[in-house]
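There are 4 protein chains.
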Amino acid sequence: MILKLLKAEGLAHHTYFIGSKGEAAVIDPRREAGDVKEILDIARDRCMRIKYILETHRNEDFVHGSPEVARLTGATIRHGSNLPFKYGEPMKEGDEVSFGGLTVRALETPGHTPESLTYVLYDTTFPDIPVAIFTGDTLFVGSTGRTDLAPGGKEANARTLYHSIHEKILPLGDTALMCPAHGAGSVCGAGMGDRDWSTLGYEKRANPHLQLSKDEFVRAKVNEKFVIPPYFRTMEEYNLNGPPPLSGRKTPRGMGLAEFEAAIRKDGTKLVDTRLPQAYGGGHIAGSYNIWLGGMAVFPGVLFNARDEIVLLPYRDQDAYTADRYLSRISYDNVPGFLCGGFEKWQNSGRPIRHMGELSVEELKAKLDKGEIALLDVREPREWAAGGIVPGARLMYVGDIEGRLKDVPRGKPIASMCSVGHRGSIGASILERSGIENAYNVLGGFTAWKHKDYPITKFPNA
Amino acid sequence: MILKLLKAEGLAHHTYFIGSKGEAAVIDPRREAGDVKEILDIARDRCMRIKYILETHRNEDFVHGSPEVARLTGATIRHGSNLPFKYGEPMKEGDEVSFGGLTVRALETPGHTPESLTYVLYDTTFPDIPVAIFTGDTLFVGSTGRTDLAPGGKEANARTLYHSIHEKILPLGDTALMCPAHGAGSVCGAGMGDRDWSTLGYEKRANPHLQLSKDEFVRAKVNEKFVIPPYFRTMEEYNLNGPPPLSGRKTPRGMGLAEFEAAIRKDGTKLVDTRLPQAYGGGHIAGSYNIWLGGMAVFPGVLFNARDEIVLLPYRDQDAYTADRYLSRISYDNVPGFLCGGFEKWQNSGRPIRHMGELSVEELKAKLDKGEIALLDVREPREWAAGGIVPGARLMYVGDIEGRLKDVPRGKPIASMCSVGHRGSIGASILERSGIENAYNVLGGFTAWKHKDYPITKFPNA
Amino acid sequence: MILKLLKAEGLAHHTYFIGSKGEAAVIDPRREAGDVKEILDIARDRCMRIKYILETHRNEDFVHGSPEVARLTGATIRHGSNLPFKYGEPMKEGDEVSFGGLTVRALETPGHTPESLTYVLYDTTFPDIPVAIFTGDTLFVGSTGRTDLAPGGKEANARTLYHSIHEKILPLGDTALMCPAHGAGSVCGAGMGDRDWSTLGYEKRANPHLQLSKDEFVRAKVNEKFVIPPYFRTMEEYNLNGPPPLSGRKTPRGMGLAEFEAAIRKDGTKLVDTRLPQAYGGGHIAGSYNIWLGGMAVFPGVLFNARDEIVLLPYRDQDAYTADRYLSRISYDNVPGFLCGGFEKWQNSGRPIRHMGELSVEELKAKLDKGEIALLDVREPREWAAGGIVPGARLMYVGDIEGRLKDVPRGKPIASMCSVGHRGSIGASILERSGIENAYNVLGGFTAWKHKDYPITKFPNA
Amino acid sequence: MILKLLKAEGLAHHTYFIGSKGEAAVIDPRREAGDVKEILDIARDRCMRIKYILETHRNEDFVHGSPEVARLTGATIRHGSNLPFKYGEPMKEGDEVSFGGLTVRALETPGHTPESLTYVLYDTTFPDIPVAIFTGDTLFVGSTGRTDLAPGGKEANARTLYHSIHEKILPLGDTALMCPAHGAGSVCGAGMGDRDWSTLGYEKRANPHLQLSKDEFVRAKVNEKFVIPPYFRTMEEYNLNGPPPLSGRKTPRGMGLAEFEAAIRKDGTKLVDTRLPQAYGGGHIAGSYNIWLGGMAVFPGVLFNARDEIVLLPYRDQDAYTADRYLSRISYDNVPGFLCGGFEKWQNSGRPIRHMGELSVEELKAKLDKGEIALLDVREPREWAAGGIVPGARLMYVGDIEGRLKDVPRGKPIASMCSVGHRGSIGASILERSGIENAYNVLGGFTAWKHKDYPITKFPNA
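Residue numbers (the working numbering), protein chains in the order written: chain C, 1 to 462; chain Z, 1001 to 1462; chain D, 2001 to 2462; chain R, 3001 to 3462.
None of these hints come from the bench; they were simulated from the model.
Don't take each hint at face value.
Stated by the list, open to error - Anything over 12 Å on all C-beta distances counts as not near chain Z; from chain R, calculated:
| # | residue |
| --- | --- |
| 1 | Ala3156 |
| 2 | Thr3234 |
| 3 | Gly3242 |
| 4 | Lys3266 |
| 5 | Asn3334 |
| 6 | Gly3337 |
Stated by the list, open to error - Here are the computed lysine to aspartate or glutamate pairs in the EDC-like style, where the Cα-Cα straight-line distance is at most 20 Å:
| # | chain 1 | residue 1 | chain 2 | residue 2 |
| --- | --- | --- | --- | --- |
| 7 | D | Lys2345 | C | Glu23 |
| 8 | Z | Lys1007 | Z | Asp1041 |
| 9 | C | Lys345 | R | Glu3009 |
| 10 | R | Lys3007 | D | Asp2196 |
| 11 | Z | Lys1345 | D | Glu2009 |
| 12 | Z | Lys1004 | C | Glu9 |
| 13 | R | Lys3250 | Z | Asp1045 |
| 14 | D | Lys2250 | C | Asp45 |
| 15 | D | Lys2004 | R | Glu3437 |
| 16 | Z | Lys1345 | R | Glu3009 |
| 17 | D | Lys2250 | C | Asp41 |
| 18 | D | Lys2345 | Z | Glu1009 |
| 19 | D | Lys2345 | Z | Glu1363 |
| 20 | C | Lys37 | D | Asp2041 |
| 21 | C | Lys345 | D | Glu2023 |
| 22 | C | Lys37 | D | Asp2317 |
| 23 | C | Lys37 | D | Glu2038 |
| 24 | D | Lys2037 | D | Glu2023 |
| 25 | R | Lys3004 | D | Glu2009 |
| 26 | C | Lys250 | D | Asp2317 |
| 27 | Z | Lys1007 | C | Asp41 |
| 28 | D | Lys2345 | Z | Asp1041 |
| 29 | Z | Lys1250 | R | Asp3045 |
| 30 | Z | Lys1345 | R | Asp3045 |
| 31 | D | Lys2004 | R | Glu3023 |
| 32 | D | Lys2037 | C | Glu38 |
| 33 | C | Lys345 | R | Asp3194 |
| 34 | R | Lys3452 | C | Glu261 |
| 35 | R | Lys3367 | R | Glu3437 |
| 36 | D | Lys2345 | Z | Glu1362 |
| 37 | C | Lys37 | D | Asp2319 |
| 38 | R | Lys3345 | Z | Glu1023 |
Keep in mind that this is a model prediction, so the values were computed, not measured.
Yeah, the Cβ is synthetic: ideal placement off N, Cα and C, and Gly gets one too.
Produce the entire structure from the sequences given, and follow the hints as far as they go.
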């Protein structure tokens, strides 16, 4: 029996491949050509036939790859029965699928979403000892799933989730390997451990969420502060009705200067500079968003619509394809191309260049101390809750800036700041795009600030 | 934290890579250039520094890669204290090493070998809950380690092993991931499950060896029948004193016909045809051993000495490098080359060809029924114990044939037979080399025989 | 400027990629997923846009990949104007395309086919000095194209070809790199050198076909004896009207025994064993064709129809995908699967096995000398013309056997023989399939026979 | 016959692999692990034995890989006889080596260096028609070799070179493929075409150097202005006596912050930031040199000594290994490590950051027009000769700045400028390191300036 974790950097999402005796199942595949190919290659290298694709739940942060894998393999898609999926077949409590001497049984474990399933894997030789459980977004290593996304309200969902975990999952005993759908860094939870997997018994003892009474748990979940970026709704719609097909999707084309310039001048086109903030600071094209490469799996979803035309400016040409892979995971499929040769091609042609001020925290502090600069804290509410730089900081999640430009402080230079400087630079680039002069990004952000032992402020109402 | 299993096909051996926060440890690395490179690449890709190399025990079936990995990384080698290793530093009961927020504690778990350790991995955040245990050859998925190799006798070793498992390992609780040094197919045990890993709790319930009382366990271990191939002693010597260095080892050279012919005519050179038996049957070079590619990790050790010159005849040129990788794992380092173009190069030059008769079990049965053929069963004693083809079969382990040629039945054709036809063909090629005419191999062997529902005989004294 | 040769083993076909300053053209791409990917990857790695796909002529031995590449890149297909292609745009004598500072001019060079073009590449800086010429099947390294395929007759075509070479190509001077569409081993010509490319000046001096007077040349071409396998007509039809689309083509599926057995029992299904003849000899499945892997680019086209269902039995599972790639080059797209685990899976299940006698030339000679065997020479007419083994051999091209079974000598064992034993084994497997007992293949064939200095016979009327 | 070009980006150097019938020769291999592996892999994939390693001359811009390849293959090294090489065997005029049906004849073609050879490749079937010539640094596509490096003076060398080309090479006729040792971008010549190879006949017509009379040629060569960076002498010494062995060379180690900080504080250690200038501009570590990744094959040789300890700060971790490969080509082997996580790791820890001003040419012009800035033109003399930005620019080759700091204009901000901004940033980083405040780099450099149609000045005496 093989059990493989296929990890998506950027998304921190986990797909699993289970196979034995020539047959296999895939759990929660993603829609990205490379991810799909990896699944097919594992099956091919071991001469295994993929019989089932099992969805733990309707995901919000990426689109399902199950229709694509099903098309290429003839496998059957199964998912929870509490949502009217337009594809695949439902699994109800206790339903089973079998392949290669293994059985997977579905447990209905709502709370994160109403149709969430936990899959329990058994070796048919020992039909009553779970080998592994696939918990989706219900139970993570060191954490539990969000309860703010499903209808019904955080509190009711938290009660449901508590019930799912304590009445359905924990009774499975200590011995099963636990395989969640996300690891540290995902937008689908907070406080996850950085181990890729765990065991149910280990979580029982070490997962802080499992040490709480029902009331404590519900209170804790109600107090969790997450943002719900607009693309979640698009993902949900796609994942209910079937995402746009992957085949036929075009990869971005390397463009010469003329073609690139025409493309970025088109109305509504988003120019995204995927270089790190320092490079953006040293020189960039006016009007570009600065979303670092690793953020391309999330922030285009936060800032743009799925059908927006996105043109890329990479640090290296090949980065454009990585960025595009990330975009394909969220079905942002309208990526005509990128500038071959990147920013240097632009610069060497004598075209105009803008600079972004990049401040160290030392420089920031000096300016703040002299009152020379305003501070925009673009982190998430749950980060604000853990402290910030100065009491007067304007708190505005990076995804909200474009809609709240009138609330941005004017009159003096403004520093956009996050935890390390990535989202800060998205924020600063948005400010610059909107016509605000003297926007700065803070390199190292709140992390560097804390390392310097500079004073920290609290935002009690954040 | 990452925990990666690096699997050696052929050996069915497991190396583990554990890493977190920029630091790493490797457990039981093998000495093979590709395996070493895989370890270095994992560290490199994640920018991790390998601080420790941990040996669970002195292995018998391959040579340690720890000196090589230590040389390339500066890591410290640690191993058990009950053998006078000429390299590395000893770990005693309770000794710990720490790296990247993780701690590994050594448990002395003798039985398979006197210095065997089980390593217990802890996340320092939860210092009393084992994350994973690395059980070496002490405890396997579905089985336990051999007790016939260490000094002291099978029975005493079995008692020691029982104690190690029940007093040291099982008290660690149910929740730890269990990571043994071998999987199904290894020569270091029998009856292993085909899952790559398990949990301690799962094994407690599902491992048949753990369901036995002490006396039952000891009796079962004493009744286990393993062969001890001669290379085990060489591996032990190498692993105690340090194996020959890998750097400087030459890979085999592609030879033209003249060079190849000169090489195989040298006194003492072993010509090994790594094609499958059917191909060997259709045509081969007189005097060649037929060891199928997958068997090259084991059977050269059974048949040859570590310093013998081994010349290869591959199905495809590239197979020669795979065969050589397998040989390098057991420090069989004297592999001057192989024939470019393989058997067809030989055949097309008009050089003489021999054929080997390949019998289906149907054909075998017909011949046996008519008394036209003798049968040599070249499997291991524990396989004989589970039944065979005909009462009159001569039982002779494939590794013993060359030393017992006088016991081989003469006077009529003889069929060499094993479980599927691989070792059978080694045996048949040895018979032919020794001048016996009319040697046959049985395609499908005992496996096919059973599928045909032909009568099965018992060898009560095997 | 880059100029890359993309070579198809098996077909011995050459595709060329020319690129400069961000733009590129591809000459004669093939329809195979790996080949297409290689083209896209070259363009991608260098950030080049493929503007043109240039066809030298309508090929007979594989299907065009130009529609596929055009679909994926937006490039324009150009080809000769003397055939009513259903896709692309015609190029007439002197027509040019330009990209990246380069110009390609078309020369009409009929003879091999009526619409054959030779493309001449110029650097626009030196507009009158050809950098390279792409001669398609008109002029090869050391040879010239066949004249037996085009309508009009060998002799008239030879005159046309002579004119094309001497009046169109040779006047281009000595200095151009010469890039033909085929190398040694192609079915599109004979006597080609094994250099991948040459210069026009070198060929003028070294190509024996260019040393002949017009009459000598025409006589030589008229005397050339080629076979015209049936798939040539299918390829021509596809290449005129557009081949079946590649996207949507399924790769073969690894099958278990039951699925495999059901597949090969279907009426009309062709079971192809792609192992080398020695392995086929040692054991095979009754009714299988034995086409060695390297022959899968040609002989399925010779023996089967494009829509026949082809099921594969590979030496290793991965070989099935190589075989399928070769099949996809000739649009043989109906390849449902292969047996996972290959012949050993079959054999180990106790299923029935057949053997094929494999003779060395020594063994063949002994049998011939005693009159114990008949000989079927399955080579091509032009090979017969160069000599054979015995005067009484029955000459029958391997592609003709199935249609001429009544002419196969009966009454004694029969040896199927070719140049080395590959086509011989195809022939022997066909004989066996047709119910002829005691068919043999000759390992090493005529090549080994000559190496032994055995007497050679002439077939004056072959 | 295969003829493969193995190209080193960065160096623009060409190694060639020639093979046929199981034997091969390599021309001018480089000492870099990846390059050596590529050679061995080509030989391995085709089952070829490398018999000869042929050096065209003692190179100045990288170290020879011939001793390494010889050690790994047993091949014989051959080189010119007019230098007392401490390894290999000399070839004199007309000496030949043969392998695989091919012959290579040496022509003595001094001028670039006294022992320079041109190798002429023949197919033994046509012993008087050259297939290809390997011209080393004697004759390039569109150019000829430098004459300023050999003893004897530019003029005498130019006469010798003219003689070598016109009396030795051109008489070989038009038809040979021409394979030079360098392509566009090399420091070993100027004005090379970007085609990887050519034919001798094409060069006769298109190479401007071959259109000149002897006197014109000598005058042109004497007027060529090249810099001779100090590492050339080290390379010459290594290449005469044998470079340091590659085996045992350590690859750089990924370091944590503490280890990195300790390493860069060591006296004499060079910290090299391999990011592009824009990123360096946005934030960098005080005291670091900014050598963009592509420049790492040359500029460490210009600025540092071979034994200097070089610590790297990469844009991405993997870039450190690319930088190290480039360094290994010039035997700069003392590269202890790099900072894992790069600049962001530094910045996020709150450590101090410096910024470099990056000017667009528009911004530069505005400042120059207002007299607010001085200009340091760090290009090479031959580039100055073709024009520059302002008459008052201080001309100082980037390799000379550290030795001429007292000549750097003080008193106002200073912009370091080259052709595109890469060397400019090296210069600006040197200025900053030397304590000059307000150093700037010019993004796009003279290339962007010209694109803007800004006025150009001449430096008649440069």
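The hints, checked one at a time:
1. Ala3156: Nearest chain Z Cβ is 47 Å from R:Ala3156, so the label holds.
2. Thr3234: R:Thr3234 is indeed farther than 12 Å from all Cβ atoms of chain Z, at 27 Å.
3. Gly3242: R:Gly3242 clear of chain Z: closest Cβ-Cβ about 19 Å, beyond 12 Å.
4. Lys3266: holds (18 Å)
5. Asn3334: holds (16 Å)
6. Gly3337: Check fails; 10 Å does not lie beyond 12 Å.
7. D:Lys2345 x C:Glu23: It holds: about 16 Å lies between the C-alpha atoms, which stays within 20 Å.
8. Z:Lys1007 x Z:Asp1041: Roughly 15 Å separates the two Cα atoms, so the pair holds.
9. C:Lys345 x R:Glu3009: holds (19 Å)
10. R:Lys3007 x D:Asp2196: holds (19 Å)
11. Z:Lys1345 x D:Glu2009: holds (19 Å)
12. Z:Lys1004 x C:Glu9: Judged against 20 Å, a Cα distance of about 17 Å means the pair holds.
13. R:Lys3250 x Z:Asp1045: holds (17 Å)
14. D:Lys2250 x C:Asp45: Satisfied, since the Cα-Cα distance of roughly 17 Å is no more than 20 Å.
15. D:Lys2004 x R:Glu3437: violated (50 Å)
16. Z:Lys1345 x R:Glu3009: Status violated; Cα separation ~39 Å.
17. D:Lys2250 x C:Asp41: holds (14 Å)
18. D:Lys2345 x Z:Glu1009: Within the cut-off at roughly 19 Å; holds.
19. D:Lys2345 x Z:Glu1363: Answer holds: D:Lys2345 to Z:Glu1363 is near 18 Å, not above 20 Å.
20. C:Lys37 x D:Asp2041: It holds: about 16 Å lies between the C-alpha atoms, which stays within 20 Å.
21. C:Lys345 x D:Glu2023: holds (16 Å)
22. C:Lys37 x D:Asp2317: Distance of about 18 Å is within 20 Å: holds.
23. C:Lys37 x D:Glu2038: holds (16 Å)
24. D:Lys2037 x D:Glu2023: Since the Cα atoms of D:Lys2037 and D:Glu2023 sit roughly 17 Å apart, the hinted pair holds (cutoff 20 Å).
25. R:Lys3004 x D:Glu2009: holds (17 Å)
26. C:Lys250 x D:Asp2317: Not satisfied, since the Cα-Cα distance of roughly 32 Å exceeds 20 Å.
27. Z:Lys1007 x C:Asp41: Holds, at about 18 Å.
28. D:Lys2345 x Z:Asp1041: violated (35 Å)
29. Z:Lys1250 x R:Asp3045: Holds. Z:Lys1250 to R:Asp3045 sits at ~17 Å (cutoff 20 Å).
30. Z:Lys1345 x R:Asp3045: holds (16 Å)
31. D:Lys2004 x R:Glu3023: violated (23 Å)
32. D:Lys2037 x C:Glu38: holds (16 Å)
33. C:Lys345 x R:Asp3194: holds (19 Å)
34. R:Lys3452 x C:Glu261: holds (17 Å)
35. R:Lys3367 x R:Glu3437: Holds: R:Lys3367 and R:Glu3437 sit about 16 Å apart, inside 20 Å.
36. D:Lys2345 x Z:Glu1362: holds (16 Å)
37. C:Lys37 x D:Asp2319: Between C:Lys37 and D:Asp2319 the Cα gap is close to 19 Å, so the pair holds against 20 Å.
38. R:Lys3345 x Z:Glu1023: holds (16 Å)
Violated hints, listed in ascending order, are 6, 15, 16, 26, 28, 31; each of the other numbered hints is respected by the structure.
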